[in-house]
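Engineer: Start from the sequences, fold in the hints, and give me the full structure.
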Amino acid sequence: MHRTGELYGQFKTLEQQKETATLGMWIFLITEVMFFGGIMLAYALNRHFYYPAFAAGSNTLSLKLGGFNTVVLLASSFTMALAVWSSQVGKKTLISIFLLLTILLGFVFFGVKYVEYSQKFHHHLVPGKKFDIFYCVNNPASCPDVAADELMEESNLLDEAKAADPDLNAHAQLYYSAYFGMTGLHALHMVIGAGLLFWLLKGSLAGRFTPQWNTPVDIVGLYWHFVDIVWIYLFPLLYLIDRHK
Amino acid sequence: MSATAAAPVKTLPEHHYLNATYGIRSWLLTVDHKRIALLYLVSVTFFFFIGGFFAMLIRLHLLTPSGYLLSADTYNRMFTMHGVAMIFFFLIPSIPAVLGNFFIPLMIGAKDLAFPKINLLSWYVYVVGAAFTLYSMVSGGLDTGWTFYTPLSTIYSNSAVAPAVVGVFITGFSSILTGLNFLVTIHTMRAPGMTWFRLPMFVWAHYATSIVMILGTPVIAITLALAGMERLFGLGFFNPAMGGDPILFQHLFWFYSHPAVYIMILPAMGVISELIPTFARKQLFGYHFVAAASLAIAVIGFLVWTHHMFLTGQSTYAALAFSFLTFLVAIPSAVKTFNWVATLYGGSISFDTPMLYAFGFLGLFLIGGLTGLFLGCLGTDIHIHDTYFVVAHFHYIMVGGAIMGYLGGLHFWWPKMTGRMYPEWLARIAALILFVGFNLTFFPQFLLGYLGMPRRYHVYPPEFQVYNVMSTAGASILAIGYLLPMIYLTWAAFFGKVAGDNPWPATGLEWKTQSPPLTENFEVTPIVTWEPYDFHNRPDLGLDAVASNGVAPAHGDD
Amino acid sequence: MSEQEHSEHIVPPSTYLAIILTLLVLTGTTVGAAFVNLGRFNIVVALAIATVKATLVVLFFMHAKYSPKRTKLIILAGIFWLALLLGMTLSDYITRVDYRGVRFPISQVTQQLPAQRG
Ligand SMILES: [Cu+2]
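So the sequences go chain by chain: V, H and E.
The first sequence begins at 1 in this note's numbering and counts up by one.
The second sequence begins at 1001 in this note's numbering and counts up by one.
The third sequence begins at 2001 in this note's numbering and counts up by one.
To be clear, the hints were calculated from the coordinates, so they are not data collected in a lab.
Hints may contain errors.
To be verified - Listed next, the in silico SDA-like pairs over lysine to any residue satisfying Cα-Cα at most 25 angstroms (straight line):
| no. | chain 1 | residue 1 | chain 2 | residue 2 |
| --- | --- | --- | --- | --- |
| 1 | H | Lys1117 | E | Thr2071 |
| 2 | E | Lys2072 | H | Trp1196 |
| 3 | E | Lys2065 | V | Trp213 |
| 4 | H | Lys1512 | H | Ala1493 |
| 5 | V | Lys202 | H | Leu1121 |
| 6 | E | Lys2065 | V | Pro216 |
Structural biologist: Take a look at the structure:
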């Protein structure tokens, strides 16, 4: 199929082309909903059955880091929306600026995620043979990044959970399976999104996006907002279980 | 003098999609939906013969009660790889990715699918997934059954599970991309005048199939991803040692894999809905009902999945509900069957090869569908679950239904795809061989299962031998029935008689363009002014003689 | 095909600003609510707030409010099928009682399990 300007040969008009691309992206996002739905189901079941273990696991996460990342991601959605707006009104420099901001915020998110993951790794909170939810309580020297009073609190919390669920260490691994599975898949989507943003940035620096033709900005925007929505659910589901103790 | 009286010898058109460009690059980088369809045709045929090879080994092994050919462990790998190759790499892509890809744009009067590059991408995704799976097969194979049940697949199996899971996971995305492309294409690319209720039933069937593809396939993707991560990195959702539940895997797996049956059978139904009106020269009876039945099957198909799990210890109350919902699927299936039969009634039927496949489909799908009700019934399922009754049932649906539809469609559209005709009598004989071989292979398996022979065992009690011998004999005949079309269709593609634009004749838009079609399908975008399958008001088909001498019936106006 | 597609609706930045501020306030609210003991309703409140946030993103950031009916139908279909997956599977688990009258989950970990693969 040949391309005449921005119109691909299988289409008759630019409107038809844009309508088609947008429809395609929405349908793709529905497949993403079902994709995350499978792991949400695993989460929901296990949280229902092993609530004490999930509550204990959630309380070992850092609310500060999680909350900060939530704000970062919401902000990146905002800048993405503004990038789409800039392309609609034809402010070519602004498109690049907002895309760049979105990418930067995405990388801040990755950085925080990296800190969180490596903490969990050092604290023996990765499902598998080495998993030990009591690791930091029993080896405070190996967890210098956890303050003494926090550790005290954690110890009480875990003792309480252990009393409610003798298999706490097994079931807490299910919580961490959910944590790593869900945030890992979310991060993977962010990586893909970041790649798409770089591709957009390249196009916008070349001045390709105009009020008449900005479909790529629009549909990558849809994707980016969707990834944001996933996080909007992940944040309370993973970080905010039983925080009121 | 006599030479001038003879009909002019037909020749292929000068320009068409096959000779538009040459060279291996022009095929591997093509974005023409017709060429991509042929790429898929080659790949799925390859997997069909791999799967068939494993099937032959299984049948040979079961010739004697003690099984002389394969070790128990090898036998497990053979039936697993047979299932994986046939289901994920042949049946699911077969009709949609080959015939659907080729004909949906032609049928709706479009130049191509909405996303030609994504279409090509879907083929490459398929190839990458296939490569992983082939790697699993040659590096020892896998022995979990095609269902990958946990905890066998995640904790206990020593076979090459990981590459196969990765392969099937990847191939799922090819299916998603195809479904997405079809949905968007059918929505936005129809030619002027091609309203929703003028769409050929084949397109409706693919619309329904695409819904299943995009809503079901992501769930199997996440399921296999979780199982794979469990095997590789120790995630625990399906691991009883951590309090996880292996049955959850089955829930997620069948949420896709039951509807996946409709990914296989709905397109076949679409093909049959094209064949029957064409070769009965009569408008499809109850067009709206058949279209609605496709959508109903796609939706209700999502509500029945735990009928594969009645005996796993799932809740009795859930089982009751799911059993009831399973019976509901029979309604739209029956609606379709009755409408096909009503179309035949009073038609002027010709027994061309595609029609023979359509008749084969009708009979086999009927048996396959009705035996499904035995399995969906909670009481009888206790007796026949996990026996050869199940094996026979789903082979009647998938082989008797889906492959009959696929071969019927290939024969119907081969003249359009290649511009050439296959030898008709050879094809009719092959269709008969196939039908006989199929029934001889699988009917005895109903009896075996009813008598209590479990599936997936490499040995069996001696009293079952006679049925097993029948089945193996049938499989040999069946093999001939599959080899013949492959040989003569390939031959015909190069040396067959030139077919002309509309040899049957049929009413679809795809027959209004040349055979083989141009790269851009139509010289000018067609404008549709006629109703589907309306043989009476189509003077362009050259059927006036038939209509006026009273052969065609008067009640084609329903 | 449809004519309303022709005129693209441009959402002004002021709307986006209002939405992002609302989203941030709601994020604070959901964190605050998590520290109040509402018993079983903690999760209900958390999910309700998340759903409001998601709806705002879909309607305004993703322009669903200004999209053709077809887009809205697709979104609803996605929610419906997700509900099918979650709801119908849960219907098994919450009514599952085995022949001894034991409800799921049985404490599996204390049972002996066969050796794992080598
Ligand atoms: Cu089923």
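Engineer: Each hint needs a verdict: does it hold in this structure or not?
Structural biologist: Verification of the supplied hints:
no. : hint                   : result
1   : H:Lys1117 to E:Thr2071 : 23 angstroms, holds
2   : E:Lys2072 to H:Trp1196 : 20 angstroms, holds
3   : E:Lys2065 to V:Trp213  : 21 angstroms, holds
4   : H:Lys1512 to H:Ala1493 : 20 angstroms, holds
5   : V:Lys202 to H:Leu1121  : 22 angstroms, holds
6   : E:Lys2065 to V:Pro216  : 20 angstroms, holds
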